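S.K.: If you're matching them up, the sequences are chains A, B and C in order.
Residue numbering for the first sequence follows our numbering, beginning at 1 and increasing consecutively.
Residue numbering for the second sequence follows our numbering, beginning at 1 and increasing consecutively.
Residue numbering for the third sequence follows our numbering, beginning at 1 and increasing consecutively.
A couple of the hints might just be wrong.
[To be verified] In silico BS3-like pairs for lysine-lysine, Cα to Cα no more than 25 Å straight-line:
1. C:Lys148 - B:Lys203
2. A:Lys197 - A:Lys215
3. B:Lys204 - A:Lys49
4. B:Lys6 - B:Lys174
5. C:Lys203 - B:Lys259
6. B:Lys71 - B:Lys87
7. B:Lys230 - C:Lys44
8. C:Lys112 - C:Lys70
9. C:Lys225 - B:Lys230
10. C:Lys70 - B:Lys230
11. B:Lys208 - C:Lys148
12. B:Lys288 - C:Lys44
13. B:Lys204 - C:Lys225
14. C:Lys112 - C:Lys142
15. C:Lys119 - B:Lys204
16. B:Lys71 - A:Lys47
What the hints contain is simulated information worked out from the structure, not anything from laboratory work.
As the structure is a prediction and not an experimental result, all values here were calculated from the model.
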Amino acid sequence: MAISDISHRKRYLAEGNVYLPHIAVIEKIIEETPGVLTFHFNFKDDKLKDEFTFESGQFGEYSIFGVGEAPFCISSSPTRRDHLEFAVQRAGRVTNALHRLGVGAEIGFRGPFGNSFPLDFLQGKNLVFVAGGIGLAPLRSLIWNVIDNRDKYENIDIIYGARSPLDLCFKYDLDAWEQDKTVKMTTTVDRGDDSWKGNVGFVPSITEQVAPSAKNAVAIVCGPPVMIRFTFPVLEKLGFTPEQMITTLEKRMKCGIGKCGRCNIGDIYVCRDGPVFSYAQIQGFLSSEY
Amino acid sequence: MKKVKKQDITRLLSQWQKEFTVFVPSRENGAAEMTVWDGQDVSFLDWYRNTVIPPKANFLLNMEIMFGFRKEDGSYNLELPAAATQKQLVFGIRPCDARATSIIDMVFKDAYEDKYYLNRRENTLLIGMGCLNPYDSCFCTSLGLGPAEATDVDLMLTDIGDDFLIEEVTDKGKELVARTEGVVEATRDDESRAGEVKDTAYKKVTRKIDTREIEKRLPASFDNEEFWEKVAAKCVSCGICTFLCPTCYCFDINDEMLKGDGARYRNWDSCSFPLYTKMPAENPREEKWRRVRQKVHHKYTFYPSLFDVIACTGCGRCIRLCPVNWDITQTLESVPAEAATGTEKK
Amino acid sequence: MSETEQKLRNEAMTLLEQGRADYIIGYEAGSLKFTTTPLITRDKDDIDRLVINPFILNNLSVFLGDISGKAGIVAKGCDSRSIVSLIQDQQLAREDIVIIGVPCSGVIDLNKVEKLTGKDRDELDDIAWAGDKAVVTIEGAKKEFPAKDVLMDDCLSCDMPAPQEYDILLDEVGPLVCDKELSRSQIKELEEMSPEQRWEFWKNEFSRCIRCYACRQVCPACFCKRCFVEETEPQWISPLPKWQDNLIFQMTRMIHVAGRCTDCGECQRSCPVNIPLRSLSKKMEEIADELFQYKAGTDKDAPPLMAAYESEEAEDFIR
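Chain A with its partners taken away, still in its complex shape (with noise of 0.2 Å):
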């Protein structure tokens, strides 16, 4: 099943070659809570700053020579080219070592891979934005993007979760959502603490609280694993039907381009045919290791 027709992502190869990355320079540094980080960076060569493009929801492999390679969405929106962002959670040998770098840094970056959400499907439809932590990041670039292109999309829905108010990403996106009255905005903690006045609960039964409508309507479901198998249901009984539920899923994409094996679900592989699915799609896969 091929779900998008790779030759027409666009795509930036050095001479040809895939697996050779572009020096990019780190330019900013946001932390976002106390394990997670936003680079801003651009690329080192100003031809290919000024023509590389991308889609929301594509994601590309970044470098620390002499470490090694990770793959990270694209988080910020293709509406904004200043410059582009990524978020990094620490967790292992590549994330600890970016969390070690300074403004000025030189990384390495491939892509940008994978398919993307899907505008064309999206527009004149209302938009149920469902994430937690920092599965934020994918759906923040479509976000942005949305809003840049207000008129073409029916009203915006924004849930978003964290484990503790500490553990809110991006607050100063949500705190733009909270004041853009085109946009109704939820957000909740897992846990909150003494000076939390919001909402308290996890994501998915906030989303039953919240009760978004169904109708002409398409949720964009992004989080820890654990989030997007209970949201799902929770959606369902909404009465979102499994084409209407889209999500990004997270893999150990080492290649990017579907050939060093380790990112299949049956005979999809994540990096080359997604890793934006719908939950249609996800049920129709062979199997359940997602």
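Starting from the known structure of chain A, arrange chains B and C on it as the hints suggest.
M.R.: Only chains B and C this time, still in chain A's reference frame:
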């Protein structure tokens, strides 16, 4: 068709050595593999049945520099290694391994071209040699191959007694023969002799699987956790069956750094290893039965669905070399005829 | 079917029926000539597939960690020592294991038979014991070889062919052919080399390691949930199969299994590229014995060698 006298093989290889890096089967290094010919030794003609290290190692190196990098004043310079354009000739490749090479070509050509692999592939001539004494672990005939059939090679040699019959399979092969001394026209007798030899070899392959039945049953078995747990029980999760499989191509990418200079490498990796799919919080194939299922299904379900060919040529290495005699043919034959009643939760 | 085999099947069946074992771990006929393969089952219908013959090579104790519940396990002398060693390291509880001891008169090294006959194993018709001779049939003709020429090297130096720790013993100890000199002939060759020669030797051997980790995976003493090789923070050695890293991997593994290795020979037998790993593991075993008078897996109540310290222990290297 052409032929060459057996005693002239050295002469043949010597001519080719002027133009190519010639690889022949060798067990000098402790395990049979294709190594660069020393210009004399053709003793492999006596002992060679197949190599332990499959000839895929000539294209997908088990350790390859993808590029080098150097850091100067905080800036990186990346350097690609010289493209692998050295012409090589692999002499004596068996039909199972030649077919396997064609099968994994599909992955490296698909969507994004993999220059490292393809450069080597495009600069290589494959000289096949019929396998007249297949192992008891071989089952190539069940996968549409014959142990001595001329497929996926440039030239095919068949031992017909005092001579090797030479079939010119590709134009490249034909051109090579045309500029090679010591090769003469074969007679009709030679050709019919070769036919007999091939038939005899074909009949020697007694291990069989029924691929039609497997293609029917296997997808339905996917969720049968009980079946996969049972067949996976004795697997020790080493990398032998995958590393030494001529159609396994999975790889890892790793950096190495020494005082500001470093390189990015590609090396073989295996879906048998528990950490292969490990992510920070989750591991989709942590349990052994999932990994065994992945290996079998990749070859017999996923690959056919993506490329319309089973990614197995029945070379038998995974059976022969497995430390616990885990036998893929037994697993395939024991797949239940009935679909499981959904034991695994989606 | 031999008497021993029948006895084994009866015992195994009783264990399952009485619920004394949830699983039976034994051997069944392999799919290739002269092989057996592990049979791990809780299904009574499988029990009549259990076999005992001169090709029961695998050290089955490696599977005990996978089993949840009680296991009845077929064990040769060396295997039973591995089980004891795992108990010493608190990887197993004695009461969860029913050891079905098989006295062993050594297992046949097919590589040696291949070398002696010039034939591959699948080209041989038969291999059988006749007293202390192995009789190999090739194309109808019989050839005799002295036992010491065809036994695995590790069997040639075996002191404990019968399990010392067991719940059921299937048979009395058969005749055992030992030749300790022959068993360590390669170690002797290595000892006689200069350090430079030894270095070259091992450099050459480890150059062909492909990092399939079969040596580690078949080793019962390698029970770490996560091997140091796979640690990434810090990364101790490179995952790339460079000879230097291959060598460091094996050296470190050997030190980790010192005092746990029972010379079962599985690492060397499993190596697809024929690296003589036993020359390292056996040497380690000898050193452990020499320095600490310690034999792995012989006393389930003793602390593991590397986890115990006594002030009078040899410490030549610290003085």
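S.K.: Taking the hints in turn, state whether each one holds.
M.R.: Comparing the hints with the structure gives:
1. C:Lys148 - B:Lys203: violated, 38 Å
2. A:Lys197 - A:Lys215: violated, 31 Å
3. B:Lys204 - A:Lys49: With Cα atoms ~63 Å apart, B:Lys204 and A:Lys49 exceed 25 Å; violated.
4. B:Lys6 - B:Lys174: holds, 19 Å
5. C:Lys203 - B:Lys259: holds, 24 Å
6. B:Lys71 - B:Lys87: violated, 33 Å
7. B:Lys230 - C:Lys44: holds, 14 Å
8. C:Lys112 - C:Lys70: violated, 37 Å
9. C:Lys225 - B:Lys230: Cα-Cα ~22 Å, so holds.
10. C:Lys70 - B:Lys230: holds, 17 Å
11. B:Lys208 - C:Lys148: violated, 37 Å
12. B:Lys288 - C:Lys44: The hint holds at about 23 Å.
13. B:Lys204 - C:Lys225: Given pair B:Lys204, C:Lys225 is violated - Cα atoms ~44 Å apart, limit 25 Å.
14. C:Lys112 - C:Lys142: Holds, at about 17 Å.
15. C:Lys119 - B:Lys204: holds, 17 Å
16. B:Lys71 - A:Lys47: With Cα atoms ~22 Å apart, B:Lys71 and A:Lys47 stay inside 25 Å; holds.
Of the hints listed earlier, those the structure fails to meet are numbers 1, 2, 3, 6, 8, 11 and 13, in rising order.
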